[in-house]
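Protein chains in written order, with this note's numbering: chain A, 1 to 333; chain B, 1001 to 1333.
Everything labelled a hint here was simulated from the structure, so no lab data went into it.
The structure displayed is predicted, hence computed values, not measured ones.
We put the beta carbon where it would ideally sit given N, CA and C, even for glycine.
You may find that some hints are simply not true.
[Unchecked claim] With the C-beta cut set under 10 angstroms, the calculated list includes, among others, these residues of chain A facing chain B: (1) A109; (2) A111; (3) G112; (4) V113; (5) G152; (6) D158; (7) S161; (8) F218; (9) G224; (10) A271; (11) D272; (12) P283; (13) I298; (14) P315; (15) D323.
[Claimed, not checked] Pairwise CB distance ranges, derived in the manner of DEER restraints: (16) D272(A) x G1201(B): 51 to 59 angstroms; (17) E122(A) x G1055(B): 27 to 35 angstroms; (18) E247(A) x S1191(B): 47 to 55 angstroms; (19) G1055(B) x D203(A): 26 to 34 angstroms; (20) E1303(B) x A167(A): 54 to 62 angstroms; (21) A1002(B) x S175(A): 50 to 58 angstroms.
[To be verified] Covered by chain A, according to a simulated footprint, are these stretches of chain B (three or more residues, beta-carbon under 8 angstroms): (22) 1133–1145; (23) 1150–1159; (24) 1251–1262; (25) 1322–1328.
There are 2 protein chains.
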Amino acid sequence: MAAALTAARDGRRGANPLVGATIRAAEGRTVTGRHLGAGTAHAEVDAIAAARGAGLDLTTSTLFVTLEPCSHTGRTGPCTEAIRDAGIPEVVFALPDTTEVGGGGQILAEAGVRVRSGLRAEESAELNARWHRATAERRPFVTAKIAQSLDGKVAAADRTSQWITSAASRIHAHSLRGEVDAILIGTGTVSDDDPRLSARGEDGELLDSQPVPVVLGFSDLPAGSTLAANPATVHLRTHDVAAALRELHDRGVRHLLVEGGPRVLGAFFAADAVDEVLCYQAPVLLGPGLPSIAGLDIATLAEAVGLVPDDTDIPAVARLGPDVLLHFTTGGR
Amino acid sequence: MAAALTAARDGRRGANPLVGATIRAAEGRTVTGRHLGAGTAHAEVDAIAAARGAGLDLTTSTLFVTLEPCSHTGRTGPCTEAIRDAGIPEVVFALPDTTEVGGGGQILAEAGVRVRSGLRAEESAELNARWHRATAERRPFVTAKIAQSLDGKVAAADRTSQWITSAASRIHAHSLRGEVDAILIGTGTVSDDDPRLSARGEDGELLDSQPVPVVLGFSDLPAGSTLAANPATVHLRTHDVAAALRELHDRGVRHLLVEGGPRVLGAFFAADAVDEVLCYQAPVLLGPGLPSIAGLDIATLAEAVGLVPDDTDIPAVARLGPDVLLHFTTGGR
C-alpha cells in the first residue's frame, strides 16, 4: 500500500482523485499503477497492464489500491470488471468510495474476491482531502491560477499587465487550460482584456480539449467581446460562489480553473472553494498596482489562508524561464 | 577562461567580486579555483593550491583569471606575489581592475610574466555588473532581504507578523547576517519589533561574525530598545539613501544587508541601490495588510523594477521547509 500511495502522487489533481495501485504476485514481485487524470486508465487497470507486461500470474496475486475500485462505466470501464476479468483473487483497498461510483468492494466480494479495506485509509484520505470535500459538496474541484509579480501584483497602477510572465509560463498555463472542463473569470476581466479563454499550443494552434468559458458577475458581457460571441460561454449572473459551483456541477463541470480577476480569486479563497493553486510569479516589482487577489477579509495572522506546497504531478516549486511556478493545495481551515 | 567564468559563479556575492581562475599546464591538464567571499583565498591562490594538489608544473602553466590579479594586501596577501612565487610564466585576465587594488597586470609584466587581458571581458563585467557599480559609486554592495507571504505582505492588517516564514528560513536568514558587514533597518522597525540584529545559529548562539546594526531615519531610537543600548549601533539621521551609503562606506562597510521595513526597502529600490535580493516567501495569503515593499513610484509596466534570477552561490529558487527562497540580482535599468 505504501508503494500504491507513492504511485498515487504521480497523478494529476483534478476531476478525479489521486489513486495508486500495487499488484503483488505470490512469488513476491510487485508492479505499480496510477491514475493520470480524467479519461485515462484507472490505477487498477494501469497496474493490471503493468503486471501483464511483467509476466505476473494475476490469478495468485493481491491488488492493493488506495481507493475502493469503481463499479462505474464512465469514460473508462468499471475497475470491478477489469479485476474479475484478470482473475485477481484478493483486493485490499485503503479508503471506501462514498460517491455514486462506489460500492465496488461489495460487488467484488459477491463475485468471490477476498476483499479487505482500511489499510492506511487516513493517508489516502489526506492525499485527496480537498477532492473528497469538493465531491461531498457536489461541486467541481477548483484550481486557482495566479499570475503575479514578486510583490503580488497582477498589473501596474495604470492596469498595464501584458507579458508580466514569460513565454514559458504562458505555454504552461495553456496546457493547464487543456486539462480542465471549464475556465471561470469575472465580468471585469471580459471588459478589460476581451480574452478568448481557449487552450492553445506553442504555435497558437487550438489544443484538442477546449474548456467551457464561464463568466461570473451581474454585468452584461460587452457586445463586441469574443466571449459574448462564443455560443459555448456560460454567464452566471451571481456573486455567490457556492451557487455558481452548484450550477457548474449540474452542467457536468468536474474540474474548474479560476483565472481571475483579483476579486473573483478573492471570493473563491474567501469561500474556501479553492482546492489547488498554481502561481506563476515573474521576477519584477510593480509597487502600487493591482493586487493579484483582492477582497480577502483577513484582519490578523491567525486568519491567514494557509497553503500546502504540493509535489503531486508537478514539483511544488519549479522554474519556468525567468519565472517561478508554485504549486499548492489548500488545507482544512 | 570559460571554466574560470563558471568557477566564478560558485562564489558568494558581497563585499568582493565573483572571480574564478583556471590553471592550464603545458601538457594540457587544467584545475580551477574561485573566490568564496571576503576573508577567504582569492581565486588565483585557490587555483594555485589546486594545481599543487594535482601535481601540475606551475613553471610551464598558464593562469586564466576573470579579473586582473590584485596587488594589494588586505585580509589575504596580494595575488601578484602568489603568482610570482609560484613561478607561473603566463597570465591571461578577462577584465582590468580599475579599483585602488588594481594594477596587478603591470606589476606582473614588469616582473617578466607574459600578461594578456580582454579575453571574455564582457562576460566577467556582466557577472559583477552591480558590484562594479557599487564600487564605482564608492558605496557598499547592498543585499535586500524580503520576508513575505505569497501575496507580498510582511504582516497582517493588524501588523501581526511573527513566524510568517519557517524555522528553516530564519536559520538561513541568520547565516546571511553572519556574512555581511552591517544590517540596516528603519526607525519604525526598531519601534515595532525591538530587534537585536544579531547573527545567531540554530540554537540561538551568537555566530562568530556579527554585523554592525544600522538604523535609518530621523526619529530617536526608543530609550529602552536593544539597539539604543548597543554601543555598536550606527544611527543615520537621514532619508537620503545615497548619503547613508556614502557614510557607511566611509565607515568601512563593504556589504550591507537591508532588512526593512517596507518603506526602507522601497527607498533602496527606488534609489536603484539594491544589488542582490533574497526573498523568503511563505505559503500563506494575508490579504489586506502591510506590503513587504512600500513607496515604489511605479505608474506603468515599463517602469517595473526588473530582477534577474541568480544562480551564483545558491540556486535562484530553493525550498526552505514549506517556504521558497528566491535569489536575484538587479539589472541595469
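Each hint, compared with the structure:
Hint status for A109(A): violated, given a least beta-carbon distance of 42 angstroms to chain B, over 10 angstroms. Look at A111(A): its Cβ only gets to about 45 angstroms from chain B, farther than 10 angstroms, so that hint breaks. A distance limit of 10 angstroms between C-beta atoms decides the matter here; for G112(A) the minimum to chain B is near 47 angstroms, and the interface restraint is violated. Interface restraint check for V113(A): the shortest CB-CB distance to chain B comes to about 42 angstroms, outside 10 angstroms, so the restraint is violated.
Taken as an interface hint, G152(A) checks out: its beta carbon lies about 3 angstroms from the nearest beta carbon of chain B, inside 10 angstroms. Of the supplied interface hints, the one on D158(A) holds, with its beta-carbon coming within about 5 angstroms of a beta-carbon of chain B, less than 10 angstroms. Given hint, S161(A) at the interface with chain B, holds; its Cβ is 7 angstroms from that chain's nearest Cβ, closer than 10 angstroms. Using the Cβ-Cβ criterion of 10 angstroms, the hint placing F218(A) at the interface with chain B is not satisfied: the shortest such distance is roughly 24 angstroms.
Taking 10 angstroms as the C-beta contact cut-off toward chain B, the hint placing G224(A) at the interface is violated, the least distance being around 25 angstroms. This hint is violated: A271(A) has a C-beta 14 angstroms from the nearest C-beta of chain B, more than the 10 angstroms allowed. Interface hint status for D272(A): violated, as the beta-carbon distance to the closest one in chain B is roughly 12 angstroms, over 10 angstroms. For P283(A), the suggested interface contact is upheld, since its CB lies about 4 angstroms from the closest CB of chain B, less than 10 angstroms.
Taking 10 angstroms as the C-beta cut-off, the interface hint given for I298(A) holds, the closest approach to chain B being about 4 angstroms. About 9 angstroms separates the beta-carbon of P315(A) from the nearest beta-carbon of chain B, less than 10 angstroms, and the hint is met. Hint on D323(A) holds. Least Cβ distance to chain B is approximately 9 angstroms, under the 10 angstroms limit. Remark: the range hint 51 to 59 angstroms for D272(A) to G1201(B) is contradicted by a beta-carbon distance near 40 angstroms.
As the Cβ distance of E122(A) to G1055(B) is approximately 60 angstroms, the hint placing it in 27 to 35 angstroms is violated. For E247(A) and S1191(B), the Cβ-Cβ distance of about 51 angstroms falls inside the hinted range of 47 to 55 angstroms, so the restraint holds. Distance hint for G1055(B) and D203(A): a CB-CB separation of about 55 angstroms, inconsistent with the stated range 26 to 34 angstroms. Look at E1303(B) against A167(A): about 22 angstroms separates their beta carbons, and that is not inside 54 to 62 angstroms.
Between A1002(B) and S175(A) the Cβ separation comes to about 35 angstroms, which falls outside the hinted range of 50 to 58 angstroms. Only residues whose beta carbon comes within less than 8 angstroms of a beta carbon in chain A count, and the stretch 1133–1145 of chain B has 0; fewer than three means the coverage is violated. Remark: the stretch 1150–1159 of chain B is confirmed as covered by chain A, as 8 of its residues place a Cβ nearer than 8 angstroms to a Cβ of that chain, reaching the required three. With 0 residues having a beta carbon nearer than 8 angstroms to a beta carbon of chain A, the stretch 1251–1262 of chain B misses the requirement of three or more and the stated coverage is violated.
Judged by the Cβ-Cβ criterion of 8 angstroms, the stretch 1322–1328 of chain B is covered by chain A as claimed, because 4 of its residues qualify and three suffice.
The structure is inconsistent with the numbered hints 1, 2, 3, 4, 8, 9, 10, 11, 16, 17, 19, 20, 21, 22 and 24, although it conforms to all the rest.
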